[in-house]
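J.: So the chains spell out like this:
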Amino acid sequence: MNGLRLEGAGLVHGNGHRALNNIALALGGGERVAVIGPSGAGKTTLVRVLGTSLRPSEGRLFVDDDDPWRLGAGALRRLRARIGVVHQSPPIPPRLRVVTAVLAGRLGSWPAWKSLASLVVPGDAAGARAALDRLDLGERVFDRCDRLSGGQLQRVGIARVLYQRPAFILADEPVSALDPALADLSVGTLVAESEERGATLVASLHAVDLALKWFPRLIGMKGGAIVFDRPTAAVTTSMLHELYATEGRALPRQGVEPIDAAGRPANVVVLKRPGCQ
Amino acid sequence: MSFASATMAPLPAHLRDPAARRRATVLAVALLVLWPLLVLAEFKPWQLLATGNLEVMANFLAGFLPPAMSADFLALLWKATLETLAIATAGVALAFVVAVPLAVIATRALAVARIGPGPGRTAGAAVRTTARALMTVLRAIPEVVWALVFVRALGLGPGAGVLALAVTYGGMLGKVYTEILESGDTRSARALLEAGSTRLGALFYALVPSTAQELASYTVYRWECAVRASVVMGFVGAGGLGQLMDQSMKMLNGGEASTILLTFLALVIVADTLSAVIRRVLA
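Top to bottom, those sequences are chains A and B.
Quick note on my numbering: the first sequence kicks off at 97 and runs consecutively.
Quick note on my numbering: the second sequence kicks off at -10 and runs consecutively.
Treat the hints with care, since some could be wrong.
[Said to hold, decoys possible] Covered stretches of chain A (in silico footprint by chain B; criterion: 3 or more residues with CB under 8 Å from a CB of chain B, positions within the stretch not fixed):
#1 168 to 176
#2 182 to 188
[To be verified] Estimated spans, in silico, between C-beta atoms of each pair:
#3 A:ASP160 to B:VAL18: 34 to 44 Å
#4 A:ASP242 to B:SER59: 32 to 42 Å
#5 B:SER172 to A:ARG293: 49 to 59 Å
#6 B:THR125 to A:GLY247: 38 to 48 Å
#7 A:ALA321 to B:ALA82: 57 to 67 Å
#8 A:ARG240 to B:LEU254: 48 to 58 Å
#9 A:PHE158 to B:LEU21: 56 to 66 Å
#10 A:GLU103 to B:VAL22: 53 to 63 Å
#11 B:THR125 to A:MET335: 32 to 42 Å
#12 B:SER172 to A:ARG326: 40 to 50 Å
#13 A:ARG166 to B:THR262: 16 to 26 Å
#14 B:VAL86 to A:GLY284: 47 to 57 Å
Note that these hints are calculated values from the structure, not bench results.
Positions of the beta carbon are idealized from the N, C-alpha and C atoms, including for glycine.
Given these sequences and hints, build the entire structure.
T.: Following this line, the structure appears as structure tokens:
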């Protein structure tokens, strides 16, 4: 089966803290899923386990039916080149230029000579510019990253993954530093990328409204476990409120509009994606 | 009054610094260790001020004035300076060639097998330890000793100095490069490795950009040290300003020695300026 699969996966961090508990999850190739839940629910850890950045303490991960942790070093590296991760705080050295930071997305597939030559003369400035243009950041292609705001840098991190063209896009709070309009644009771009290339997309989101708008399937997490995993249409308001019970009455959202008495954002219909059931 | 009472009153328990006791202990231990070391090193600075000693030092220093400025000597000095610069530059360049691969091997932040940990972690750790051990051996033996060894093999002249620098400084540069590469933000390297990048890709797209200034300024500083080290090696016959200095001292020609020392001062200033320029370019 194409896609990502976790079987009874658990993770205990080095300090003894249990971050994931008995996670069973199957994502088909090209499927789009949002992972929501309060802070500390294990969303980031889940994304890192799926991205072969953390090795599960129990259970197994399968990527396209391969267990990455049973592959040899070369095969694991090739598999990792097919996984693109958008990090919440972009891991980009401040002195790097934007173009270099974006082109670094293909270090996994470029030959060594091309990677090194690209440090002198950018190997594919047009490609980097195209990826940045989709996020409304094309103008900054030759700027240094330390000239960018936090939100711009976060979009550079997204552009890097767009440029990488991975089979699996994993996004960990990819729009936490963006204002509502740009957050909407950025998540929409990731969704469009997934649709165009049939890439699997998993995004952990703190903002419930973005998850409801863009993703056909929602996974609610709390305390390192999956609370619900169902089609977005089948997720009820009370399920959401129960998920976020520890964070007060209002649901966390990217938008600035007040939430209505029923709990759903007042403008959820307006936000609803055209053609999305 | 109110200020005094505010500072004198004991802090409530929840405001007391939990680290205070440990810090005080560390400080006390450091002083306890340092004192016998000073005794062992016969550190008695007051002896400098005894009348007889002051006079001897004054006479010694007076012999250095005025600096020698004869055209013959300046010509010799010019040639020896060029030789010293050549020894230092060639030595550090070779040391760089030795150090870079060792540093790339020894840097933990570039070890993809540590993620997970994944396949090859035991072999990787063994290779890293070997590289670190090799760098330790290279730099543990002083360059003067290496120079003595190489002078025997290659004869008197700058060649021995260059090789001695390459070996010792290779070990030093490698060790410090490793530490500088790991002192920066290593998350960026890890992110690239997790996206399938090779070790070299993560090195040049993540670690080097975030530490370029420190790497460059340490390398230039090592070049400056190499200029000084070449003096000591000159004393054992490895050419350059050191050899000239050795001859001047043996002939008790203090004037020449002071001109040579002034040349050193100038070279250190040059190194300092170079370092500042490079740091500005890389900023």
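J.: Confirm or reject each hint.
T.: Going down the list of hints, with the structure as the test:
{"no.": "1", "hint": "168 to 176", "verdict": "holds (count 7)"}
{"no.": "2", "hint": "182 to 188", "verdict": "holds (count 3)"}
{"no.": "3", "hint": "A:ASP160 to B:VAL18: 34 to 44 Å", "verdict": "57 Å, violated"}
{"no.": "4", "hint": "A:ASP242 to B:SER59: 32 to 42 Å", "verdict": "54 Å, violated"}
{"no.": "5", "hint": "B:SER172 to A:ARG293: 49 to 59 Å", "verdict": "39 Å, violated"}
{"no.": "6", "hint": "B:THR125 to A:GLY247: 38 to 48 Å", "verdict": "46 Å, holds"}
{"no.": "7", "hint": "A:ALA321 to B:ALA82: 57 to 67 Å", "verdict": "58 Å, holds"}
{"no.": "8", "hint": "A:ARG240 to B:LEU254: 48 to 58 Å", "verdict": "37 Å, violated"}
{"no.": "9", "hint": "A:PHE158 to B:LEU21: 56 to 66 Å", "verdict": "59 Å, holds"}
{"no.": "10", "hint": "A:GLU103 to B:VAL22: 53 to 63 Å", "verdict": "56 Å, holds"}
{"no.": "11", "hint": "B:THR125 to A:MET335: 32 to 42 Å", "verdict": "60 Å, violated"}
{"no.": "12", "hint": "B:SER172 to A:ARG326: 40 to 50 Å", "verdict": "47 Å, holds"}
{"no.": "13", "hint": "A:ARG166 to B:THR262: 16 to 26 Å", "verdict": "56 Å, violated"}
{"no.": "14", "hint": "B:VAL86 to A:GLY284: 47 to 57 Å", "verdict": "50 Å, holds"}
Checked against the numbered hints above, the structure breaks hints 3, 4, 5, 8, 11, 13 and satisfies the rest.
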